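Asks: If you read the protein sequences in the order shown, they are chains Z and Y. Residue numbers 1 to 324, in my numbering, belong to the letters of the first sequence in order. Residue numbers 1001 to 1324, in my numbering, belong to the letters of the second sequence in order.
Quick caveat, the hints were computed from the structure, so don't treat them as lab data. What you are looking at is a predicted structure, and each value in this text was computed from that prediction instead of being measured. The reader is advised that the hints may include incorrect statements.
Some chain Z residues near chain Y, calculated using beta-carbon distances under 7 angstroms [stated by the list, open to error]:
no., residue
1, Pro25
2, Cys90
3, Glu109
4, Thr121
5, Leu122
6, Phe124
7, Glu129
8, Ala164
9, Ser165
10, Val171
11, Arg172
12, Ser180
13, Gln187
14, Ala188
15, Ile189
16, Leu191
The following label-pair restraints were derived from C-beta to C-beta distances [said to hold, decoys possible]:
no., chain 1, residue 1, chain 2, residue 2, range
17, Z, Gln13, Y, Asp1307, 56 to 62 angstroms
18, Y, Ala1014, Z, Gln13, 52 to 58 angstroms
19, Y, Lys1323, Z, Arg21, 48 to 54 angstroms
With the C-beta cut set under 8 angstroms, the calculated list includes, among others, these residues of chain Y facing chain Z [claimed, not checked]:
no., residue
20, Pro1025
21, Arg1033
22, Leu1034
23, His1035
24, His1085
25, Met1088
26, Ser1118
27, Gln1167
28, Val1171
29, Ser1178
30, Gly1179
31, Arg1181
32, Gly1185
33, Gln1187
34, Ala1188
35, Ala1192
In this text, a Cβ means the ideal position worked out from N, Cα and C, and glycines have one as well.
Number of protein chains: 2
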Amino acid sequence: MRADFQSWVAAHQARFEEVLRGLLPRADIAPQRLHEAMRYAVLDGGKRVRPLLAFAAGELAGAETARVDVAAAAVELIHAYSLVHDDMPCMDDDVLRRGKPTCHVQYDEATALLVGDSLQTLAFQLLAEHRLNGHARFPHPNPLPQAGEGANESLRELHANDDASRQLEMVRLLAVASGSRGMAGGQAIDLASVGKSLTLPELEFMHIHKTGALIRAAVLLGAHCGSVSAEQLDRLDHFGKLIGLAFQVVDDVLDCEADTATLGKTAGKDADNDKPTYVSLLGIQGARDMAQRLHCEALETLAGFGDSAQRLRELADFIVLRKF
Amino acid sequence: MRADFQSWVAAHQARFEEVLRGLLPRADIAPQRLHEAMRYAVLDGGKRVRPLLAFAAGELAGAETARVDVAAAAVELIHAYSLVHDDMPCMDDDVLRRGKPTCHVQYDEATALLVGDSLQTLAFQLLAEHRLNGHARFPHPNPLPQAGEGANESLRELHANDDASRQLEMVRLLAVASGSRGMAGGQAIDLASVGKSLTLPELEFMHIHKTGALIRAAVLLGAHCGSVSAEQLDRLDHFGKLIGLAFQVVDDVLDCEADTATLGKTAGKDADNDKPTYVSLLGIQGARDMAQRLHCEALETLAGFGDSAQRLRELADFIVLRKF
Chain Z
1 MRADFQSWVA
11 AHQARFEEVL
21 RGLLPRADIA
31 PQRLHEAMRY
41 AVLDGGKRVR
51 PLLAFAAGEL
61 AGAETARVDV
71 AAAAVELIHA
81 YSLVHDDMPC
91 MDDDVLRRGK
101 PTCHVQYDEA
111 TALLVGDSLQ
121 TLAFQLLAEH
131 RLNGHARFPH
141 PNPLPQAGEG
151 ANESLRELHA
161 NDDASRQLEM
171 VRLLAVASGS
181 RGMAGGQAID
191 LASVGKSLTL
201 PELEFMHIHK
211 TGALIRAAVL
221 LGAHCGSVSA
231 EQLDRLDHFG
241 KLIGLAFQVV
251 DDVLDCEADT
261 ATLGKTAGKD
271 ADNDKPTYVS
281 LLGIQGARDM
291 AQRLHCEALE
301 TLAGFGDSAQ
311 RLRELADFIV
321 LRKF
Chain Y
1001 MRADFQSWVA
1011 AHQARFEEVL
1021 RGLLPRADIA
1031 PQRLHEAMRY
1041 AVLDGGKRVR
1051 PLLAFAAGEL
1061 AGAETARVDV
1071 AAAAVELIHA
1081 YSLVHDDMPC
1091 MDDDVLRRGK
1101 PTCHVQYDEA
1111 TALLVGDSLQ
1121 TLAFQLLAEH
1131 RLNGHARFPH
1141 PNPLPQAGEG
1151 ANESLRELHA
1161 NDDASRQLEM
1171 VRLLAVASGS
1181 RGMAGGQAID
1191 LASVGKSLTL
1201 PELEFMHIHK
1211 TGALIRAAVL
1221 LGAHCGSVSA
1231 EQLDRLDHFG
1241 KLIGLAFQVV
1251 DDVLDCEADT
1261 ATLGKTAGKD
1271 ADNDKPTYVS
1281 LLGIQGARDM
1291 AQRLHCEALE
1301 TLAGFGDSAQ
1311 RLRELADFIV
1321 LRKF
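Using the sequences and the hints given, assemble the complete structure.
Replies: Right under this line is the structure:
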């Protein structure tokens, strides 16, 4: 990781943690236990890959950081809710997440259920409420300086100068990406696949929904906070799809190779659960090759963007070359 | 129930069932089992009290029925998701709902979890996507004729002629009503209250969140589909709050009096679970008196609306005088 990129990641991660702290309901407001558990499930953990993708796409599109903060938070809350529900006994029954007891272990199952439900709701609330009198109203006091490298091409026709329309489109995007034909649908297919042997296209279909849809949405939401042409948006969408799939392939490789301490979650879980993975289907080297191929393709889709896509390229490298 | 009102209810219930059928994902689209279970949890059941309130408020505000359909569906999907999750073993552990096996009994717990999650997402998706080029695009082919009695006062200042802003406000309203400081928060307080004795204000606080918030939102969302003044909206909000509370008080009375067959869900459940209710706190006659008082207050808030509020008045009567 280049030093410059490393400090970009660290700065955004640290600042974003404060953004999340400010956007989550305070633990001293009723119902206290629920709010405390919501904060437990979201704060102090995770690489924030989706928010980082949103920030990088936002920089490409010349968006204000404070505006991307809200979109990135919405995506991360959806991700966090899915982890809380996914870890529950009726799903993956996992006890460790991000190096801490999972939410239902730390609190109880009923609370974990409500935590996930409420985090999802909050994601949509954030996308809808951070505006006033038709003008965006964002809470963070110290936005980072703008990259100033954003594409200055024509706004998408539909959304020219129409903040509310654009926000509504972001609500729609996030909902489609996370619902029964997106992330939740992928989890349903995942459940149905336990103990079955899937073909590569079937496995891909599952992961494009389960992991890919939200990663793709993170890129698009970041871009929607600024100005990009419809054609650029299509290329970013394709980039998001490829990198989302690469993310899952790498996850499978790491799950197979790493130990629990490094991963911060129970390792080897998928193999134990008799779930099909890229490693079980392609072997470890085959999976590594596939990740490399997706990585190359993803970088190709960014070719036309020049310097403005530098952070997205670095994130693509980071996602594929990470060791945890 | 007056014959005229009875046929209004029946017509809207029947038409709305078709609206829901059209808006829910088809059961032959992947993931099939999840989509089938979502349809199972929503269709063929329930009195549709919240949608009816939205339709009545929409008539008062002179809204197009097709527009209210989407808002009413969003509210009903949130309600349906909450029932699916509420019935799960880690919450109320209930096996019967609307005269049918609950979702996790009919399918399995993991599917029920994903059904609830996906119904919530779909609610927000619907509110965001039913528009095109800034103009509302609604799916139902045969909207009912308009009542034509809607208030013709000034639009709320903020939202004049701005469909997207208005839709975004509806997303925000629904999210606030159903999240950790609304419905889900009320359920968290409910959980924490098992085996405890609450005071009347504490019980009221719980139900204003658990049941009241969404009923209130139904009235407001219906009104937002048409044109009402800010002052009228405030009065409708107060009406929604009172009638939401009355709904819960009546529920407690019925839960105590009725048998399981009439109710379509397990009767006496709250008392069995050692949950505080209005009946346990006020006695059966005290609870009946309270419902009557709330009913009167609710009707008073509608005094200035004249004929346009007739359906809302009739619904208030229906909610308080219902036997199931």
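Asks: Could you run down the list of hints and mark each one as holding or not?
Replies: Each hint, compared with the structure:
1. Interface restraint check: Z/Pro25 against chain Y, minimum CB-CB distance 6 angstroms, threshold 7 angstroms, status holds.
2. Evaluation of the Z/Cys90 hint against chain Y yields a held restraint, the C-beta minimum of about 4 angstroms falling below 7 angstroms.
3. At a threshold of 7 angstroms, the smallest CB-CB gap from Z/Glu109 to chain Y is about 4 angstroms, leaving the interface hint in force.
4. Hint status for Z/Thr121 relative to chain Y: holds, with the closest Cβ pair at about 4 angstroms, below 7 angstroms.
5. A distance limit of 7 angstroms between C-beta atoms decides the matter here; for Z/Leu122 the minimum to chain Y is near 6 angstroms, and the interface restraint holds.
6. Interface hint at Z/Phe124: satisfied, since its Cβ lies 4 angstroms from the closest Cβ of chain Y, which is below the 7 angstroms cut-off.
7. Because the smallest distance between the Cβ of Z/Glu129 and any Cβ of chain Y comes to about 5 angstroms, under 7 angstroms, the interface hint for this residue holds.
8. At about 4 angstroms, the closest approach between the beta carbon of Z/Ala164 and any beta carbon in chain Y falls short of 7 angstroms, and the interface hint on this residue holds.
9. A least Cβ separation of about 4 angstroms between Z/Ser165 and chain Y falls short of the 7 angstroms threshold, and the interface hint therefore holds.
10. Satisfaction of the interface hint for Z/Val171 is found here, the shortest Cβ-Cβ separation to chain Y being roughly 4 angstroms, below the 7 angstroms cut-off.
11. The closest approach between the C-beta of Z/Arg172 and any C-beta of chain Y is roughly 4 angstroms, which is under the 7 angstroms cut-off, so the hint is satisfied.
12. Here the hint on Z/Ser180 is kept, as its CB sits about 4 angstroms from the closest CB of chain Y, short of 7 angstroms.
13. Annotation: Z/Gln187 was flagged as interfacial toward chain Y, and the flag holds, the nearest CB pair being 6 angstroms apart, inside 7 angstroms.
14. With 7 angstroms as the threshold, the beta carbon of Z/Ala188 comes within range of chain Y, its nearest partner Cβ sitting at about 4 angstroms, so the hint holds.
15. The closest approach between the C-beta of Z/Ile189 and any C-beta of chain Y is roughly 5 angstroms, which is under the 7 angstroms cut-off, so the hint is satisfied.
16. The interface hint given for Z/Leu191 is met, as the beta carbon of that residue sits about 5 angstroms from the closest beta carbon of chain Y, less than 7 angstroms.
17. Distance hint check: the CB atoms of Z/Gln13 and Y/Asp1307 are about 59 angstroms apart, consistent with the given range 56 to 62 angstroms.
18. Range check, Y/Ala1014 to Z/Gln13: about 53 angstroms between beta-carbon atoms, so the 52 to 58 angstroms window is met.
19. Look at Y/Lys1323 against Z/Arg21: about 49 angstroms separates their beta carbons, and that is inside 48 to 54 angstroms.
20. The interface hint given for Y/Pro1025 is met, as the beta carbon of that residue sits about 6 angstroms from the closest beta carbon of chain Z, less than 8 angstroms.
21. For the restraint placing Y/Arg1033 at the interface with chain Z, the shortest Cβ-Cβ distance is roughly 7 angstroms, inside the 8 angstroms limit, so the hint holds.
22. With a cut of 8 angstroms, the hint placing Y/Leu1034 at the interface with chain Z holds, because the nearest CB-to-CB distance is about 4 angstroms.
23. For Y/His1035, the interface hint holds, the least distance from its beta-carbon to any beta-carbon of chain Z being 6 angstroms, beneath 8 angstroms.
24. Annotation: interface hint on Y/His1085 holds; nearest CB of chain Z at approximately 6 angstroms, less than 8 angstroms.
25. A hinted interface residue such as Y/Met1088 counts as satisfied when its beta carbon comes closer than 8 angstroms to some beta carbon of chain Z; here the least separation is about 7 angstroms, so the hint holds.
26. The closest approach between the C-beta of Y/Ser1118 and any C-beta of chain Z is roughly 4 angstroms, which is under the 8 angstroms cut-off, so the hint is satisfied.
27. With its C-beta approaching chain Z no nearer than about 6 angstroms, Y/Gln1167 sits inside the 8 angstroms limit, and its interface hint holds.
28. For Y/Val1171, the interface hint holds, the least distance from its beta-carbon to any beta-carbon of chain Z being 4 angstroms, beneath 8 angstroms.
29. With a cut of 8 angstroms, the hint placing Y/Ser1178 at the interface with chain Z holds, because the nearest CB-to-CB distance is about 5 angstroms.
30. Checking Y/Gly1179 against chain Z: minimum C-beta separation of about 4 angstroms stays under 8 angstroms; hint holds.
31. At about 7 angstroms, the closest approach between the beta carbon of Y/Arg1181 and any beta carbon in chain Z falls short of 8 angstroms, and the interface hint on this residue holds.
32. Evaluation of the Y/Gly1185 hint against chain Z yields a held restraint, the C-beta minimum of about 5 angstroms falling below 8 angstroms.
33. Among the interface hints, the one on Y/Gln1187 holds; its C-beta lies about 6 angstroms from the nearest C-beta in chain Z, closer than the 8 angstroms criterion.
34. Against a cut-off of 8 angstroms between C-beta atoms, the interface hint on Y/Ala1188 holds, since the closest Cβ of chain Z lies about 4 angstroms away.
35. Against a cut-off of 8 angstroms between C-beta atoms, the interface hint on Y/Ala1192 holds, since the closest Cβ of chain Z lies about 7 angstroms away.
No hint from the list above goes unmet by this structure.
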